[in-house]
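Enquirer: Respectively, the protein sequence lines represent chains D and G.
With my numbering, letter number 76 in the first sequence gets 203, and the count goes up by one each step, no holes.
With my numbering, letter number 29 in the second sequence gets 631, and the count goes up by one each step, no holes.
It cannot be assumed that every hint is accurate.
One side of the interface only, derived from the structure: several residues of chain D facing chain G at Cβ under 10 Å [said to hold, decoys possible]: (1) 159; (2) 161; (3) 188; (4) 206.
Per the computed footprint, the stretches of chain G lying under chain D, defined by three or more beta-carbons under 8 Å from a beta-carbon of chain D, are [stated by the list, open to error]: (5) 605–614; (6) 619–628.
Simulated from the structure, these hints should not be mistaken for lab results.
Backbone N, C-alpha and C define an ideal beta-carbon position, used for all residues, glycine too.
Chain residues, written in single-letter form:
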Amino acid sequence: MQVKEIMQALSLTPCSGHQGLDREITGGYVSDLLSDVMGHAREGEAWITLQAHKNIMAIASLKELAAIILVKGRRPDEDTASASDSEGIPILSTPLDAFETSGKLYQLLASPSGESLP
Amino acid sequence: MEFTYHIEGGDFSRAGAASSEVKKILKQLNIDLAVIKRVVVALYEAEVNVVAHAHEGIMKITLAPDSIEAVIADKGPGIPDIALAMQEGYSTASPRVREMGFGAGMGLPNIKKNCDRLEIESTVNAGTTVKMTTFFTG
Ligand SMILES: Nc1ncnc2c1ncn2[C@@H]1O[C@H](COP(=O)(O)OP(=O)(O)OP(=O)(O)O)[C@@H](O)[C@H]1O
Ligand SMILES: [Mg+2]
Numbered sequence: 128m129q130v131k132e133i134m135q136a137l138s139l140t141p142c143s144g145h146q147g148l149d150r151e152i153t154g155g156y157v158s159d160l161l162s163d164v165m166g167h168a169r170e171g172e173a174w175i176t177l178q179a180h181k182n183i184m185a186i187a188s189l190k191e192l193a194a195i196i197l198v199k200g201r202r203p204d205e206d207t208a209s210a211s212d213s214e215g216i217p218i219l220s221t222p223l224d225a226f227e228t229s230g231k232l233y234q235l236l237a238s239p240s241g242e243s244l245p
Numbered sequence: 603m604e605f606t607y608h609i610e611g612g613d614f615s616r617a618g619a620a621s622s623e624v625k626k627i628l629k630q631l632n633i634d635l636a637v638i639k640r641v642v643v644a645l646y647e648a649e650v651n652v653v654a655h656a657h658e659g660i661m662k663i664t665l666a667p668d669s670i671e672a673v674i675a676d677k678g679p680g681i682p683d684i685a686l687a688m689q690e691g692y693s694t695a696s697p698r699v700r701e702m703g704f705g706a707g708m709g710l711p712n713i714k715k716n717c718d719r720l721e722i723e724s725t726v727n728a729g730t731t732v733k734m735t736t737f738f739t740g
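Okay, chain D solo, but in the shape it has when bound:
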């Protein structure tokens, strides 16, 4: 699924990196520990976190993640947003917490048509 489809389905607010909205999301990873993400996230995943500082973009770019979803209404710092724009990796924001966001994303990726999981 493309970032923009997930954005619509989960009512995420796009903050930056709009030119990357058609990137393909292949999975997700949830962590606020940067070296955990560095070691275990995979290319094409959406990263769900509450960290909003610039280093998240260094990681997203090096790991070629598809998007970053900031939870609990967090917004990217200014320099984070400009790095997101120049890398073309979108940052999206949601008022939901990491548990709710992951649950919804998991369901969506497991069953894009919307029918419930077995």
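With the hints as your guide, set chain G with the ligands onto chain D.
Expert: What follows is chain G with the ligands alone, placed relative to chain D:
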């Protein structure tokens, strides 16, 4: 082929910049993508360790036909017990650094997993040198 980059201690706004430059070069050289992915994880963790724990350092990359070698050498406090530092979860990161999500004690284990050969030398109150090699075949 050799490339050298400077790393500034304490400057988190530029953390990852050297690793990102190396990644670009490796991609241009059409190095196997699976190798690039591993190398990039190891380089980033070594770079951030200089930023988080040391005063300043350099990253020196040597490309051979069959391998990439990276030496990350810093001036800083050094590591008193390297075996302890290698354990997952061990960290002396400051509260400020932890607040940013660093300090999980996973950086050195990430380096170990993502290179083929790792040598760490350190002198307390002088500095640390991390040398990692990754082979293109195998
Ligand atoms: N270049 C260095 N200079 C001084 N001490 C270091 C250096 N690199 C690592 N260390 C020491 O080794 C410990 C473990 O390093 P490691 O990279 O595994 O974890 P961390 O940097 O504390 O946290 P993380 O990498 O998960 O963000 C550090 O907390 C620090 O005490
Ligand atoms: Mg570290």
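Enquirer: State for each hint whether it applies.
Expert: Each hint tested on the structure:
| no. | hint | verdict |
| --- | --- | --- |
| 1 | 159 | 5 Å, holds |
| 2 | 161 | 5 Å, holds |
| 3 | 188 | 7 Å, holds |
| 4 | 206 | 7 Å, holds |
| 5 | 605–614 | violated (count 1) |
| 6 | 619–628 | holds (count 4) |
Consistency with the previously given hints fails for number 5 only.
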